Amino acid sequence: MILAAPVGLGTCSTALFWAYCAASSQGKWLSVIFIYLLGAYALFRLITAMSKTQQKPIFARMEPAALKALLNTRNFFHVSISAAALIVLGFVLYHFIRYFISTSCLEIYGGWDARFIWNLKAKFFFRSPAEWTGMFRNELAFSHPDYPLLLPGAVAWGWNWAGKEILIWPALIAFIFMICTGLFILWHLLASTNPWSAFLACSYFWVAGAYRFWGPTQYADIPLCFFITASGGMLLAAVRARENPLFLLSGLLAGMAAWTKNEGLFFLAWIVLIFFAALAVNAVSRPDKKKAAIFFTAGLSIPLLNILCLKTFYAKGGDYLGSGRTAAEYFSLTFKSADKTKAILEGFQTYMTKINDWNGLWVLFFAALLIAGFAGWKILLNKHGWILAAAVILTNFGYFLVLHTTPHEIHWQMETALTRLLLHSGGLALIFVFEVFSSFWPETELRP
Amino acid sequence: MSKTINLILATFFYAIICALILRSPDRGAKPVPRELYEGLISGTHQGYTDPGNKFSAFKKYFISNTPVTFLMDTPFTPYAPGIEHYYTAQSYFVPMILNPEPDEKIALIYCSNHTIADLRLQQTGYRLAAVEGDGKGIGVKVR
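Protein sequences appear in the order of chains A and B.
Residue numbering for the first sequence follows our numbering, starting at 16 and increasing by one per position.
Residue numbering for the second sequence follows our numbering, starting at 2 and increasing by one per position.
Keep in mind that the hints are not guaranteed to be accurate.
[Unchecked claim] Dumping the calculated SDA-like pairs for lysine to any residue here, alpha-carbon to alpha-carbon at most 25 Å:
#1 A/Lys331 - A/Glu344
#2 A/Lys179 - B/Tyr49
#3 B/Lys142 - A/Lys393
#4 B/Lys60 - A/Ile123
#5 A/Lys393 - B/Leu10
#6 A/Lys398 - B/Lys60
#7 A/Lys179 - B/Gln47
#8 A/Lys369 - B/Ala16
[As the list claims (entries may be wrong)] Computed far set for chain A versus chain B, every beta-carbon distance over 10 Å:
#9 Val47
#10 Arg130
#11 Lys179
#12 Met367
#13 Gly375
#14 Leu379
#15 Leu409
#16 Pro457
These aren't lab readings, by the way, just hints derived from the structure by calculation.
Values in this document were obtained by computation on a predicted structure and should not be read as measured data.
Think of the CB as a built atom: it goes at the ideal place given N, C-alpha and C, for glycine as much as any other residue.
With these hints in hand, go ahead and build the complete structure from the sequences.
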């Protein structure tokens, strides 16, 4: 359910993109009809599945077991702290929703990138399907023609459906992604830790200054954060539960991350690497590994096809890919500039420790990493927690390398982008922190 | 580690988390006029003005979607001060392309005042064909 809305928006965007590629002027109605048919099919499958009462649930081992256990426990202390954490979550959620609605109402057109990149592209889709490729013209280099189109596609699909550029729709999309990211963290921790950890982690996410600030701006960074968090979390769940459909979901979500922002392409590369590492160290049979690989690859293939089509036929140039710079130039820029490296490291330290942005999240992440290394190896190895840590570290390491090659002045680049880059893996970092520290709480009947 | 140390560590962690949640900077809800809520929910958008509306007077000059040059106080650089006018205009006129380079037959002139506009017209080879305010108007390419 938590994945339904974001994945649905990604699917709408994919349908719209291919409908416009296939029949530009007819793409509008074609994409709407396709989604109606897909929706009808999904509904039919859901109804037939529900009628088979004896069927084993697909994700049985990933149900929020801690919540079920809480409802059956007689431990007053655990019920009390869970109830207290739930009250905190309710309070935080209420204030978060009020804050989000008021900020969105007052700034309904969104921030700079929303107005001049994401919604600008959506206008091309909506206003003139026959001329939608205008968004890739060189004159509009400022709007980065090579950026992936999940967000513009989702916005335009809603506008096409409504028949007008309804202002509330991009804000609603931003809201959906913020809420769903918090709820995914909640679900994941309910399935792997205790209820109060899940409630507190979700509250922590919705009060963190950086997420509260960037959420209503309608930038693509929060949707990317959702897809990265969900893909990484789903991969961990798949490895723990050994359920192939979860590998499919993890792959699909990683593909959608790449279809949201170019940074998602880096994440895709890292998650593929982590996936194969997880298969390598996991004691499962060769045919099972093969099956898992097929499911994972199938999941990410459709969004990846979108990107291949976009980068091959429509937007061949970009700041990085297709910029004309050679591999030797990239190597030299990355590894032969000590001053730049120092400035970037200082930048990471400065931006990660901004208390009003992160509430100490990154400090807690490194503390969890340190403690897990010394004393919590069980969570890292036996429970595969290393998947989360590796996804967070590799994602930010990738940004660290890429910052060396930016065509812009490095301090300006970090000032405008580094906080947003850190948003992407913050959700996974938060899950990791809670998984590690909650593992030190004495074993209870509430922990799955 | 012993159970006691584990318990202390976990308790310490939850205490820190609670403190951090409670200390979060107050980014509370700002008061919003009721009209805005209603305008959004109903889809009438009452109370909202598209930032691009300041360019509505120019719309009558553009019958087709042929690209038009957008002439500003200074030649185009992506992050120059005041560049937002250009981006806002482009967003407003989509799908018509506004070229920041003086290559098109028609130019939308959007300068701070007529003195700067005259200078820019001379530099870029346009003549003023219609006036829509101080330093604003439509130019036609002469060379």
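Checklist entry - Beyond 10 Å from every Cβ of chain B: is that where the Cβ of A/Met367 lies? => result Check passes; 15 Å lies beyond 10 Å.
Checklist entry - Is the Cβ of A/Pro457 farther than 10 Å from every Cβ of chain B? => result violated (6 Å)
Checklist entry - Are all C-beta atoms of chain B more than 10 Å from that of A/Lys179? => result A/Lys179 not clear of chain B: closest Cβ-Cβ about 7 Å, inside 10 Å.
Checklist entry - Quick one, are B/Lys142 and A/Lys393 close enough, alpha carbons at most 25 Å? => result The given pair, whose Cα atoms are some 73 Å apart, is violated under the 25 Å limit.
Checklist entry - Would the pair A/Lys179 and B/Gln47 pass a check requiring their Cα atoms to be no farther apart than 25 Å? => result At roughly 15 Å apart (the allowed maximum being 25 Å), B/Gln47 and A/Lys179 satisfy the hint.
Checklist entry - Beyond 10 Å from chain B, beta-carbon-wise, is A/Leu379? => result violated (8 Å)
Checklist entry - Does A/Leu409 really sit off the interface, with its C-beta more than 10 Å from all C-beta atoms of chain B? => result About 25 Å separates A/Leu409 from the closest Cβ of chain B, which puts it past 10 Å; holds.
Next on the checklist: Hint check: B/Lys60 vs A/Ile123, CA-CA at most 25 Å. Holds or violated?
Outcome noted: Cα-Cα ~24 Å, so holds.
Checklist entry - Holds or violated: are the alpha carbons of A/Lys369 and B/Ala16 at most 25 Å from each other? => result Within the cut-off at roughly 20 Å; holds.
Checklist entry - Does the claim that A/Gly375 lies outside the interface with chain B hold up, using a Cβ gap greater than 10 Å? => result A/Gly375 is in fact no farther than 10 Å from some Cβ atom of chain B, at 6 Å.
Checklist entry - Given the hinted pair A/Lys331 and A/Glu344, is their alpha-carbon gap at most 25 Å? => result holds (19 Å)
Checklist entry - Holds or violated: is the Cβ of A/Arg130 farther than 10 Å from all Cβ atoms of chain B? => result Label violated. Min Cβ-Cβ 6 Å, cutoff 10 Å.
When the structure is compared with the earlier hints, violations turn up for hints 3, 6, 10, 11, 13, 14, 16 and for no others.
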